[in-house]
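Novice: Chain by chain, the residues:
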Amino acid sequence: MADDVHTLTGVYALDALPADERAEFESHLEGCAACRREVQEFRAVCADLALLAEEAPPPSLRSKVLEVGAGAGASETIQWATRELLAARTRQDVVDTVLSAVDQLGGWIVPADLADDRAIPLDVGLGSGAPLLPAAEAGSRARQDLERHLPQLVEDARQALETIRRTEDRADRRAGSEGSDGRQR
Amino acid sequence: MDLDELLLRTSRGDPGGYAELYDQAGGLVYGIVKRVVVAQSIAEEVCQDVFAEIWRLAPRFDPERGTAAAWIGTLAHRRAVDRVRSEQSHRDRTEYIGRRDHEDGYDQVAEAVETSLEHDRVRAALSAASELSREAIEQAFYGGHTYREIAEQLGVPLGTVKSRIRSGLQQMARSLNVTAEGVDHG
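Order-wise, the sequence lines are chains S and F. Taking this note's numbering as reference, the numbering of the first sequence is continuous, increasing by one, and the terminal residue is 211. Taking this note's numbering as reference, the numbering of the second sequence is continuous, increasing by one, and the terminal residue is 479.
No lab work stands behind these hints: they were computed from the structure. Here the structure is a predicted model, which is why all the values come from computation and not from measurement. Just so you know, not all the hints are guaranteed correct.
Said to hold, decoys possible - Taking CB as the label site, the calculated pair distances span:
| # | chain 1 | residue 1 | chain 2 | residue 2 | range |
| --- | --- | --- | --- | --- | --- |
| 1 | F | N470 | S | G153 | 44 to 52 Å |
| 2 | F | S423 | S | E173 | 27 to 35 Å |
| 3 | F | S379 | S | R167 | 18 to 26 Å |
| 4 | S | Q178 | F | E424 | 34 to 42 Å |
| 5 | S | D195 | F | N470 | 34 to 42 Å |
| 6 | F | T453 | S | T116 | 30 to 38 Å |
| 7 | S | D143 | F | N470 | 52 to 60 Å |
| 8 | F | R371 | S | T189 | 43 to 51 Å |
| 9 | F | T453 | S | S53 | 22 to 30 Å |
| 10 | F | N470 | S | P157 | 32 to 40 Å |
All residues carry an ideal CB built from backbone N, CA and C; glycine is no exception.
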């Protein structure tokens, strides 16, 4: 069975893996460099396969697409937050970015124990104490944007925290391996 | 200006770079989306969603991990497949495999698109794969079907579909001189 999973690289790269099997394969990918490499190669092939289907979009589509990137909407906030999270050096940077994103999207933060039905059940406290939930009026644009974009952003934030933690661990280990007498332990 | 550079400009919030990115890659995105979802109105909606996602997530593009075309193509194809799966029940889609086969075979796709060196290169790569592999790859990629649906429709075991797809893609990758670091046009 363990061997079997490698045969899914092509299926996965073609998006032919049903949703219920995708999570399992993606967690396999996290631990398998050979499969990751193969998926990457296959995705490059897919870009070429897509070329064969190339077709000019209707001219009316252009202005609609370019609306994004023209102003200060949710997409701009998410792009900004995505950049910030990639550049984050400290835990505080990460937490601040997420909370600021909620604010920019028109929502506010409420502690979980004070939440009413305006709160979205997604913890943006990122493990630093009691859970914090984003909130916005039901049916509002802010609510839509938060529900739509926050889950991915919180996931990005978790990854950023993980990266920061690993960097700190490495630095700690290096510092710990030299004793106060200067000798390697 | 090449696509990688335009995507990097987009990731910095440059609306001009984003506009040029659309002008260069719009056909790629719209084309593959429409091929998968078929209905033009849905294709337009999904295409807008894809470009909005490109704008938001462009900072995550890592040129070390592949080309902008592959990154964009992956986003576009995934969104198209998600949309088509949410629109159709399993039974509808298995029946649809047969109809699509009849109407839009590989040859029709090849003829409908204007000839260019790039396209010739890809068609040659498709020919490098065995006919059985090509069939499974096309059903999956252009048809948006899951490997289970394909196995059911073709009446073959799941393992067969998996390995046909994988070996076909391996053959294509060799033909296109694709490496994990990007496409080699040499």
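Novice: Hints first: check each against the structure and report whether it holds.
Specialist: Results for each hint:
no. : hint                        : result
1   : F:N470 x S:G153: 44 to 52 Å : holds, 46 Å
2   : F:S423 x S:E173: 27 to 35 Å : violated, 46 Å
3   : F:S379 x S:R167: 18 to 26 Å : holds, 23 Å
4   : S:Q178 x F:E424: 34 to 42 Å : holds, 40 Å
5   : S:D195 x F:N470: 34 to 42 Å : holds, 40 Å
6   : F:T453 x S:T116: 30 to 38 Å : violated, 51 Å
7   : S:D143 x F:N470: 52 to 60 Å : holds, 57 Å
8   : F:R371 x S:T189: 43 to 51 Å : violated, 24 Å
9   : F:T453 x S:S53: 22 to 30 Å  : holds, 25 Å
10  : F:N470 x S:P157: 32 to 40 Å : violated, 51 Å
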